[in-house]
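Residue numbers for the sequence shown follow my numbering, so the first one is 20 and each next one is one higher.
Hint data in this document are derived by calculation from the structure and do not stem from the laboratory. Because the structure is a prediction, the values reported are computed rather than measured. C-beta: ideal position from N, C-alpha, C; glycine also. Please note that a few of the clues may not be correct.
Restricting the straight-line Cα-Cα distance to at most 25 Å, the calculated cross-link-like pairs of lysine to any residue (SDA-like) are [stated by the list, open to error]: (1) 376 with 396; (2) 376 with 387; (3) 376 with 389; (4) 376 with 364; (5) 376 with 331; (6) 376 with 402; (7) 376 with 401; (8) 376 with 398; (9) 376 with 361; (10) 376 with 355; (11) 376 with 353; (12) 376 with 390; (13) 376 with 393; (14) 376 with 363; (15) 376 with 351; (16) 376 with 399; (17) 376 with 405.
Label-pair distances were calculated between CB atoms; the ranges are [as the list claims (entries may be wrong)]: (18) 288 with 166: 54 to 60 Å; (19) 282 with 401: 50 to 56 Å; (20) 66 with 111: 56 to 62 Å; (21) 376 with 401: 21 to 27 Å; (22) 421 with 375: 34 to 40 Å; (23) 80 with 436: 51 to 57 Å; (24) 154 with 217: 37 to 43 Å; (25) 164 with 125: 48 to 54 Å; (26) 217 with 113: 24 to 30 Å.
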Amino acid sequence: MQRQLRWGTGLQTGLDRAGLGRLLLATWIATVPAAADEVLVRNDSFDSGESAYIVGDFVAGEHAGVRLTSPCDGAIVAVQVAWLSVSQNGQQVQQRAIHIYANGPFPQPGQELLVLNGPLLTAGAFNEFRYADEAQTVPIDIAVTSGQRFYVTLEYDEATNIQGGDPSIIRDVDGCQAGKNVLYAIPGGWQNFCLYLGGDVVIRAVVDCDSASGACCLSDGTCTVTTAGGCSAAGGTYQGDFSDCGSVNCPQLPQACCFESTGGCLNLLPGDCTNAGGVPGGAGTQCATYECFPRGACCLPDGSCLEDVSPEACTVQGGAFQGDGTTCAAANCPDPVGACCFGTGFCLVLTEADCQKAGATWMGFDTDCTDASGNGQADDCEAAPCPGDANNDRVVDLADLSILLSSFGFCTGNPSYNPDADFDVSGCVDLGDLGIELAYFGTSCD
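Start from the sequences, fold in the hints, and give me the full structure.
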């Protein structure tokens with residue numbers, strides 16, 4: 020779950036006491052930055068060669084933490100905890116958990132986003148955690164946006180005695196920033212840690228920032244949002260980080276312009292085409308290869324075909340336009356598909372012919388294998404209700420009447436009540452159910 024980023028040693032003399040009897044000890048340590056392509060997010064000013072204080076004491080279940088702000092759109096990928104002892108550096112101790120919370124009204128965190136149970140911390144090191152599990156198979160990956168605040172806290176598993184050598188977190192020495200340090204005290208709950216500290220807690224996060232993107236003007240006059248490298252690869256002109264297509268004016272190129280009155284075509288700028296009463300063909304189109312006002316066959320989802328329609332009219336009906344000048348006779352529209360139900364309860368979306376080849380039941384066009392009820396069987400494959408059928412054989416006969424009469428007059432809670440004979444689901448087998456039985460008597464639901 021972790022790797023240790025070690026610092027130099029060497030104690031600075033002097034003890035200090037904070038409120039609530041928390042003891043602080045000065046020492047010299049050195050920081051280690053995040054990887055070059057990541058951003059180390061921190062409140063503290065602690066750097067190599069500067070002083071820091073060990074913070075204590077805590078009781079089991081208390082938290083010490085920070086509220087951080089993401090510098091970019093990206094993801095939290097690691098947490099760092101500075102951990103120090105006056106006499107036990109190099110030794111490891113397991114704490115209860117590291118928590119990452121969404122923002123909340125300070126000092127109260129919001130929803131818990133991730134918990135790392137049982138973190139093992141080495142004294143005299145920046146302990147970095149990049150995985151959410153001990154097997155190191157689930158990387159920490161919490162999406163954040165630029166300016167988003169979040170909390171990171173360490174929960175202690177047992178009481179500390181830092182004067183006796185127990186390790187603990189540290190803080191810097193240049194003042195405690197308002198709204199950035201939190202304590203969960205027992206008793207007392209979430210509190211502003213600056214009430215008791217003279218510096219910022221040295222707990223940090225690593226945010227992997229997304230590559231900056233912006234508007235890219237392509238050679239055909241269109242605009243897309245991509246990275247600078249992606250724009251260059253597409254032969255476009257990058258408009259700058261964080262720009263968008265709505266705020267840039269990409270150079271427009273002439274495109275096909277069709278005139279309905281004549282069926283003719285001219286290559287014009289889009290604005291000129293519209294002002295002239297034409298219909299722009301779209302970016303990248305040229306009259307030499309563009310067909311104005313095409314009409315042809317349209318294959319519909321049910322397998323039928325429409326003759327002599329425009330692409331727009333075909334799309335409105337959910338069809339697939341077959342091309343200018345095509346006919347239904349030559350289109351060879353595909354057969355419709357629907358739910359194909361097997362006796363095992365399995366379902367496939369097939370044509371009727373293929374379903375019959377498998378010996379299954381085709382439920383018709385516009386059916387599918389969706390199981391909205393979550394009962395393990397496609398909804399379109401489930402048998403329709405069969406009123407009056409108490410034994411579920413799809414036939415309403417004397418056997419069903421016998422079942423109803425044996426339960427007649429009994430209600431839920433009585434051992435003689437049979438819910439299969441309670442056709443109107445009233446909770447009792449009564450005259451209402453008998454009426455249903457007689458109304459459907461002698462019928463087959465198949």
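Inset, instruction - Mind checking the alpha carbons of residue 376 and residue 363 for me, to see if they're no more than 25 Å apart? - result: holds, 16 Å
Legend entry - Proposed proximity, residue 402 with residue 376 (alpha carbon, max 25 Å): Satisfied, since the Cα-Cα distance of roughly 22 Å is no more than 25 Å.
Inset, instruction - Could you check the hint for me, namely that residue 164 and residue 125 are 48 to 54 Å apart, CB to CB? - result: violated, 19 Å
Legend entry - Straight-line alpha-carbon gap residue 376 to residue 351, limit 25 Å: holds, 21 Å
Legend entry - Pairwise hint evaluation, residue 389 against residue 376, where the allowed Cα distance is 25 Å at most: With Cα atoms ~22 Å apart, residue 376 and residue 389 stay inside 25 Å; holds.
Legend entry - C-beta pair residue 154, residue 217: status relative to the range 37 to 43 Å that was hinted: Since residue 154 and residue 217 have Cβ atoms about 40 Å apart, the given range 37 to 43 Å holds.
Legend entry - 24 to 30 Å as the expected CB spacing between residue 113 and residue 217, which holds or is violated: holds, 29 Å
Inset, instruction - Sort out whether residue 390 lies within 25 Å of residue 376, counting only the CA atoms. - result: holds, 24 Å
Inset, instruction - Given the hint of 34 to 40 Å, check if residue 421 and residue 375 actually sit that far apart at their C-beta atoms. - result: holds, 38 Å
Legend entry - Cβ separation of residue 80 and residue 436, checked against the hinted range 51 to 57 Å: Between residue 80 and residue 436, where Cβ atoms are some 52 Å apart, the hint holds.
Inset, instruction - Starting from residue 376, check that the Cα of residue 361 is at most 25 Å away, please. - result: At roughly 12 Å apart (the allowed maximum being 25 Å), residue 361 and residue 376 satisfy the hint.
Legend entry - residue 401 and residue 376 - C-beta distance against the hinted 21 to 27 Å: At 23 Å between Cβs, range holds.
When held up to the earlier numbered hints, the structure conflicts with 5, 13, 17, 18, 20, 25 and fits the remainder.
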